[in-house]
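The residues making up each chain are set out below.
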Amino acid sequence: MLPSHVKSLRDRLAGASNCQERYLYGAALSVRLADVQAGTSASSWLSSLSGRSVLIAIRDQVAAALALIELDGVARRIILCPADLPYEHFPSVIASAEVDAIVSDNDDLKRRGIGAELHVSPTCVPAQHLSSENQATEWVILTSGTTGTPKLLIHSLSGLTAAIKVEANSASDARVVWGTFYDIRRYGGLQIFLRAILGTGSLVLSSADEPLADFLVRLGTHGVTHLSGTPSHWRRALMSPLAHEIKPRYVRLSGEIADQGILDSLRSFYPQAQIGHAYASTEAGVAFEVADGLEGFPANILSTGGRVELKVEDGSLRIRSAGIAVGYLNGETSSIADTEGFVDTGDIVQLRDARYYFLGRKSGVINVGGLKVHPEEVEAAINRHPKVRASLVRARKSPITGSIVVADVLLKDGTDQDTALRQEIVQFCQERLARHKVPTAIQFVPNLNVSATGKLTRHNA
Amino acid sequence: MSVRSTIISQIQEVAKEQNNKLAALTDDTPLLESGLDSLAIAILVARLEEALGFDPFTLSDDIYYPVTLGDFIRFYEDVAKSRKVAS
Numbered sequence: 002m003l004p005s006h007v008k009s010l011r012d013r014l015a016g017a018s019n020c021q022e023r024y025l026y027g028a029a030l031s032v033r034l035a036d037v038q039a040g041t042s043a044s045s046w047l048s049s050l051s052g053r054s055v056l057i058a059i060r061d062q063v064a065a066a067l068a069l070i071e072l073d074g075v076a077r078r079i080i081l082c083p084a085d086l087p088y089e090h091f092p093s094v095i096a097s098a099e100v101d102a103i104v105s106d107n108d109d110l111k112r113r114g115i116g117a118e119l120h121v122s123p124t125c126v127p128a129q130h131l132s133s134e135n136q137a138t139e140w141v142i143l144t145s146g147t148t149g150t151p152k153l154l155i156h157s158l159s160g161l162t163a164a165i166k167v168e169a170n171s172a173s174d175a176r177v178v179w180g181t182f183y184d185i186r187r188y189g190g191l192q193i194f195l196r197a198i199l200g201t202g203s204l205v206l207s208s209a210d211e212p213l214a215d216f217l218v219r220l221g222t223h224g225v226t227h228l229s230g231t232p233s234h235w236r237r238a239l240m241s242p243l244a245h246e247i248k249p250r251y252v253r254l255s256g257e258i259a260d261q262g263i264l265d266s267l268r269s270f271y272p273q274a275q276i277g278h279a280y281a282s283t284e285a286g287v288a289f290e291v292a293d294g295l296e297g298f299p300a301n302i303l304s305t306g307g308r309v310e311l312k313v314e315d316g317s318l319r320i321r322s323a324g325i326a327v328g329y330l331n332g333e334t335s336s337i338a339d340t341e342g343f344v345d346t347g348d349i350v351q352l353r354d355a356r357y358y359f360l361g362r363k364s365g366v367i368n369v370g371g372l373k374v375h376p377e378e379v380e381a382a383i384n385r386h387p388k389v390r391a392s393l394v395r396a397r398k399s400p401i402t403g404s405i406v407v408a409d410v411l412l413k414d415g416t417d418q419d420t421a422l423r424q425e426i427v428q429f430c431q432e433r434l435a436r437h438k439v440p441t442a443i444q445f446v447p448n449l450n451v452s453a454t455g456k457l458t459r460h461n462a
Numbered sequence: 084m085s086v087r088s089t090i091i092s093q094i095q096e097v098a099k100e101q102n103n104k105l106a107a108l109t110d111d112t113p114l115l116e117s118g119l120d121s122l123a124i125a126i127l128v129a130r131l132e133e134a135l136g137f138d139p140f141t142l143s144d145d146i147y148y149p150v151t152l153g154d155f156i157r158f159y160e161d162v163a164k165s166r167k168v169a170s
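Top to bottom, those sequences are chains Z and S.
As numbered in this note's numbering, residues 2 to 462 make up the first sequence, in order.
As numbered in this note's numbering, residues 84 to 170 make up the second sequence, in order.
Possibly wrong hints are sitting among the right ones.
[To be verified] To be clear about the criterion: a stretch of chain Z counts as covered by chain S if any three or more of its residues have a C-beta under 8 Å from a C-beta of chain S, and this derived list gives those stretches: (1) 230-238; (2) 260-266; (3) 397-404; (4) 434-443.
[As the list claims (entries may be wrong)] BS3-like mimics (lysine-lysine), calculated; alpha carbons at most 30 Å apart, straight line: (5) Z:373 <-> Z:166; (6) S:104 <-> Z:398; (7) S:99 <-> Z:373; (8) Z:152 <-> Z:8; (9) Z:166 <-> Z:312; (10) Z:388 <-> Z:413; (11) Z:388 <-> S:99; (12) Z:398 <-> S:164; (13) Z:248 <-> Z:166; (14) S:99 <-> Z:398; (15) Z:373 <-> S:104; (16) S:99 <-> Z:413; (17) Z:111 <-> Z:152; (18) S:167 <-> Z:398; (19) Z:152 <-> Z:398; (20) Z:398 <-> Z:312; (21) Z:312 <-> Z:373; (22) Z:312 <-> Z:363; (23) Z:363 <-> Z:152; (24) Z:8 <-> Z:166.
Keep in mind the hints are simulated off the structure, nothing from the lab.
The model shown is predicted, which means the values in this text are computed figures rather than measured ones.
A virtual CB, placed ideally from N, CA and C, is assigned to each residue, including glycine.
Could you put the whole structure together from the sequences, leaning on the hints where they help?
Given below as structure tokens:
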């Protein structure tokens, strides 16, 4: 079933060089890649997970990274749960992905009755070699959906690694230490994990509850050379007194629009670093990287050809490449790509002087520090308030998180517009929505624009 | 109300709304250790724009990220002063 040229992650790691000096560094636990190469850490449970659909719900990032290495090629499907996935979403994820095994270090899951046929704890002590028949494992990545329930996107390892150039034998290269502010269970972080594993470097991972200051010190201690995060991650890092602890050679931004402000700040703060912003999405994969230090991207990227094809149609950027997701697992009847294989990213771009600039999202999706917010979900929550007739949720620009969420609210006739009601609606939302989705300001309006098709008129931020 | 006292009272209000526990605040407190997280700081900057009528992050030509609370307050005070001179 597995095409002969597709190797599992473990097989690809087996041929990697310099593993004696390469590590996965975590806050609590660090592992040398040579030890991972030498044998499995999961001999007690790995064979029982063969062919299963396995939910990886591990809080420790290094342990999660090891589970990915162990299970690719062994499990039929692996579902990557970020550390902050709310418990209420587990049942639907488990049902949609037909999960029949869970690897988790989180005892709360069992306590809350979240389970599967098989439940194992991750192990991190390398043991004997275990031969197994490789199969093409589906990698399932969670992304936010309009209703609040995560969408499950299926990727293949070859698609996920399509954008990664593996340097052949780079003994001459300077030492590479990757780091990322992302969770590796999210697309942006997973790319960095795979780059580090398949490349020649080590990787420093954060821990869910680790203060930024502590992470920066660890990144500095391990001599991070390549560091990735969203523009909001970077703005936060620059506000830390410990931002000088690191001296990266390469600074990478992705997951949000990188504006000129953050690019300039990083260039002046880390003058020794090459600064690049990558364009990628969980659906469409990694499309391109811009290295000229300017926001937007040069128009000639569209015509350079190569691995990824790009075009702009109806104002939005479309991508065709080997990196796009294979399909959805749940709830989504629409296909990811059109009949020609192009994915509409939904990102509106505008051409000015041979350069494209990002204007916002076609669907009105708001990006709060790298976390997507669907206005419809927030509006639905506000509209449940007994005194609200309708609402329109939109983005307000923020120099800290890129955007924040604000709402225009139309009250039912005869309702007094007072500050107490404003606070009451915010609190109502706080009880129903994740923090970054709660409107930060509410404005009462006399009416809301409705288009000819009966939909609220949205304006792109 | 002075720029400083406006900032301090907005910090307390945002922290309360966001259930962020504030540290003891002095001018030397790093902003990220004040108890406010990124989202709370983003909300604070938006509220201060309404209260003071400007956002120094978008106004200033030099891109600058204040590190301590004192830096943050001075950032606002400097813009407030230059606006007074200009008007």
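Which numbered hints are broken by the structure, listed smallest first? none
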